[in-house]
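Novice: Listed below, chain by chain, are the residues.
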Amino acid sequence: MVMVALIAVLVLGGLLAWYAERWGDAGPRWIALAAVAFDLVLALWLWARAPAAIALTGKGPWLAAVALPWIPRFGISFRLGLDGLSLVMVLLASFLGLVSVAASWREIREQVGFFHFNLLWTLAGAIGVFLALDLFLFFFFWELMLVPMYFLIAIWGHENRHYASLKFFIFTQGSGLLMLVAILALVFLHREATGTFTFDYFALLHTDMAPSTAMWIMLGFFVAFAVKLPAVPFHVWLPDAHTEAPTAGSVILAGVLLKTGAYGLLRFVVPLFPDAALRFAPVAMALGAISILYGAVLAFAQTDLKRLVAYTSVSHLGFVLLGVFAWNAWALQGAVMQMIAHGISTGALFVLVGALQERMHTRDMQRMGGLWATVPRMGAIGIFFAVASLGLPGLGNFVGEFLVLLGSYRVQTTITVVAALGLITAVVYALVLVQKTFHGENRQGWRLADASAREMTTLCAMIAINVWLGLYPQPVLDAAAPAVNALQTIAAGPPQARLQ
Amino acid sequence: MSLARADLIALLPLIVAAASVVVVMLVAAFCRQPRAALLFTLLGLALAFATLPLAAEVAPRAVTPLVIIDRYALFYMGLVFAATFAVALLCYGYFGGAAGRHEALYVLLLAAALGAAVLVASSHFASFFLGLELLSVALFALIAYPTRARHPLEAGIKYLILAGLSSALLLFGMALIYAHLGTMQFAKIGASLAAGGYDADGYLLAGLALIVSGVGFKLALVPFHMWTPDVYEGAPAPVGALVATVSKGAVLALLLRYFIAANAYRSHSITLALSLIAIASILAGNLLALLQDNVKRILAYSSIAHLGYLLVAFLAVGALAAEAVAYYLVAYFVTMLGAFAVVALLSRPGAERDADTLDDYRGLFWCRPWLAAAFTIMLLSLAGIPLTMGFVGKIYVVAAGVGASLWLLVIVLVIGSAIGLFYYLRVIAAMCAPVPADTPRVAAQLVTSPGASLTLAALTVLLVWLGAYPAPLIHVIQTAVAHLT
Chain A
0 MVMVALIAVL VLGGLLAWYA ERWGDAGPRW IALAAVAFDL VLALWLWARA PAAIALTGKG
60 PWLAAVALPW IPRFGISFRL GLDGLSLVMV LLASFLGLVS VAASWREIRE QVGFFHFNLL
120 WTLAGAIGVF LALDLFLFFF FWELMLVPMY FLIAIWGHEN RHYASLKFFI FTQGSGLLML
180 VAILALVFLH REATGTFTFD YFALLHTDMA PSTAMWIMLG FFVAFAVKLP AVPFHVWLPD
240 AHTEAPTAGS VILAGVLLKT GAYGLLRFVV PLFPDAALRF APVAMALGAI SILYGAVLAF
300 AQTDLKRLVA YTSVSHLGFV LLGVFAWNAW ALQGAVMQMI AHGISTGALF VLVGALQERM
360 HTRDMQRMGG LWATVPRMGA IGIFFAVASL GLPGLGNFVG EFLVLLGSYR VQTTITVVAA
420 LGLITAVVYA LVLVQKTFHG ENRQGWRLAD ASAREMTTLC AMIAINVWLG LYPQPVLDAA
480 APAVNALQTI AAGPPQARLQ
Chain B
0 MSLARADLIA LLPLIVAAAS VVVVMLVAAF CRQPRAALLF TLLGLALAFA TLPLAAEVAP
60 RAVTPLVIID RYALFYMGLV FAATFAVALL CYGYFGGAAG RHEALYVLLL AAALGAAVLV
120 ASSHFASFFL GLELLSVALF ALIAYPTRAR HPLEAGIKYL ILAGLSSALL LFGMALIYAH
180 LGTMQFAKIG ASLAAGGYDA DGYLLAGLAL IVSGVGFKLA LVPFHMWTPD VYEGAPAPVG
240 ALVATVSKGA VLALLLRYFI AANAYRSHSI TLALSLIAIA SILAGNLLAL LQDNVKRILA
300 YSSIAHLGYL LVAFLAVGAL AAEAVAYYLV AYFVTMLGAF AVVALLSRPG AERDADTLDD
360 YRGLFWCRPW LAAAFTIMLL SLAGIPLTMG FVGKIYVVAA GVGASLWLLV IVLVIGSAIG
420 LFYYLRVIAA MCAPVPADTP RVAAQLVTSP GASLTLAALT VLLVWLGAYP APLIHVIQTA
480 VAHLT
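From first to last, the protein sequence lines are chains A and B. Start counting the first sequence at 0; every next residue gets the next number (numbering that gives the first Met the number 0). Start counting the second sequence at 0; every next residue gets the next number (numbering that gives the first Met the number 0).
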């Protein structure tokens, strides 16, 4: 029931926030903050009692599970489960939820209630995706988080918001429909083999199918997740959506929604189709390496500060793609670590860019420069996250990237060597970011208010987490390790996996 | 041939519907008050609906060779009566309530419902044609009901001519089949087909092809779709809802029964032709909708595309296919009725044209939030987004298609739905846009009729409830189609 609460609090909080709009703008903000904080506390509590729970129930790596019949005609049930991987993702989502509520405290002044409704429902959908263990339910949440995100971009976005929101929606929804066809094909194959309709994740594992069929169905899933991730060449929606979204939207997009794609690859693509994924791995890893370099080069070429940050996401998530398809313990743990670290560092950069834009009303880096003198606190934070983003040892992103490269080197040497060049290109764009905005001469004569207490609290919390992830990543790795190992056992063969 | 008591009970829904046509006609003739006519109409429809469980007890029962009352027929009758009930409520407010002189409208509405009910229960060419004509003739008059306005008249005449043509094609097709097989009963046609089925014989194939074309006009499938946008645009909004739902739903239900009973699925040429029609409808409907600036025309093209999706399920053949068609039709009924209800609620009684341009919807979210939210949910359901019936319907259709390995059709459906998002979101984006400052807000000043508002609220609740928890409806549909296949 804890997991139902995780989702229900956000759903009800969203409705309440919308309703509370009539009594002023403060109501929705506090309600949203409380709802997200509740989720974070709940997730932390689950984490704290995790070892005990595993010992008590003895059901393997599942910390909690729920199963209720929903549409019996198709064997669809409301089946949620939480393992270490899901837990880490839920923690990330609820923390970034807090960040985005804080970031929109002053930025959003119109339709405050409806804004927070959309924010909370997007988060509810994303958390649902991380928890769902029924493929129909998974698809349900997958689609559910799109609509509120569309509204976030289309209503509160910047100049070109309609184009960007439409592009985002059509890309993700279109690829989602491909996944739906793939899910149904898998379900019907399973029915042919066993005679029963079911969307249960565990029942569908190890469904017998011809290699070519498996490849096609796997591709259906892969395209949907690759669009969301995003991997080159499916990334074209991302720069527009990130750039035009309000700060909170960008934070949620980069920090949470992109992770649902990576999570899908980890949870569904490889375990459901281990053989097809193995054959496809070189292509996927090559796409990952291309994303790393291409994203970095494009980031370097941007003059729009927010677009630059957006393209770094393509580069960072390339490491995740690389790690997932390398499919060994190091690479997988690295991929999980990279997901968390990217969520924090890129989220923080978006908050920073949002704060700058709120003050300067521009994102054009050619009009910036020399901001250090007027906003030293923001400058220092900017440098910190730029350096985190380039993968400085001692910070979270380094751990992720290093583990991914270490793991994938054993699988695909050439591709990994190429991908490792990404560490150099990252330095280039990260330093360009700092140089063009904070260093140099303040030609426009900007005089801005430095970061407020609210912004400092948010950003310093993010700094603390990033440093902690970099210096002592073991708790996160410990939480995710059993889950990731279980995924590997599931993919390796039927006997043990069924028991879990 | 005499009617037994059970026969009468089985026919009760049709008898009640027919009787209420007469009663409302008398009320309209003597009392001349729209309120009285509306009340008797709603009463008649509710009574007809209430007799469905009685008839279900004796079902399935073939009453005369013309009509078969089975759970399938009763299910669709229920759908038709419920939809007509909603349309009647919408009409009252739309045509000016107690002040507007529109008593005769309800007679036509009931006649259309009776025609549709006969259609879904028919098992014979005679009752097929009878039901269809009863429905069509009522629709001509309904579409052109606001006689002083230009667009409705134009739409009425367009519909009259094309429906007449399609009826002629249909009759010719029936005649060819009858000439060859000597029977007009669906089951006997199916039984007396030679080994080769329809394809072995030119007459039979031509007959079936003509029937499909005739029905294609009614369903507005490409290439028989030309009339749809004009009629939807011209017809008064509630009548547009009737054309979109009751007329199409009843005809599709009948076509499904004919294809199963008369073994038409065995004809490869016809199934191939229907596949091409489905592909053309999905692509043309969605692509042409992109070019529209009129909400009613968008709905018209979207309904063409949705009938294409329905054909995908239709072509999947089997129990799952019949279920998918039934569920999708219910979802489509609720959604289309809701969408037209919004248009009707925004339109002023007696105005030259309805509130149907995109500009009429600009900023609706901020001045009429509930109405805009309801419309958004309807559009999202048309786009197949979760928590709406459209989502479950789409899953059903894709499941049927995948189950029958109709890969090409399923892929076209996916592409079509992706294109479809564009114009649904366009309407939603217009509603989210800031309220235009310079234009006078018609929408904000309107006083809406409580009946129509309640109808819209009920439809919205139904759409979300059955979208989130579809199990009860699926159960009903399963028992309804169990007998059919």
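Hints were generated in silico from the structure; no laboratory data involved. Note that the coordinates shown come from a computational prediction; the quantities given were computed from them, not determined experimentally. For every residue, glycine included, the Cβ atom is placed at its ideal position computed from N, Cα and C. Mixed in with the good hints, there may be bad ones.
Here are some, though not all, of the chain B residues that point toward chain A, as calculated from beta-carbon distances under 10 Å [stated by the list, open to error]:
1. 400
2. 460
3. 463
4. 469
Derived coverage of chain A by chain B (criterion: at least 3 residues anywhere in the stretch with Cβ under 8 Å from a Cβ of chain B; other residues may be distant) [to be verified]:
5. 171-180
6. 320-326
7. 372-380
Novice: Next, verify each hint and record whether it holds.
Specialist: Hint by hint, here is what the structure shows:
no.	hint	verdict
1	400	holds, 8 Å
2	460	violated, 15 Å
3	463	violated, 13 Å
4	469	holds, 6 Å
5	171-180	holds (count 6)
6	320-326	violated (count 0)
7	372-380	violated (count 0)
The structure does not agree with the numbered hints 2, 3, 6, 7 stated previously, though it agrees with the rest.
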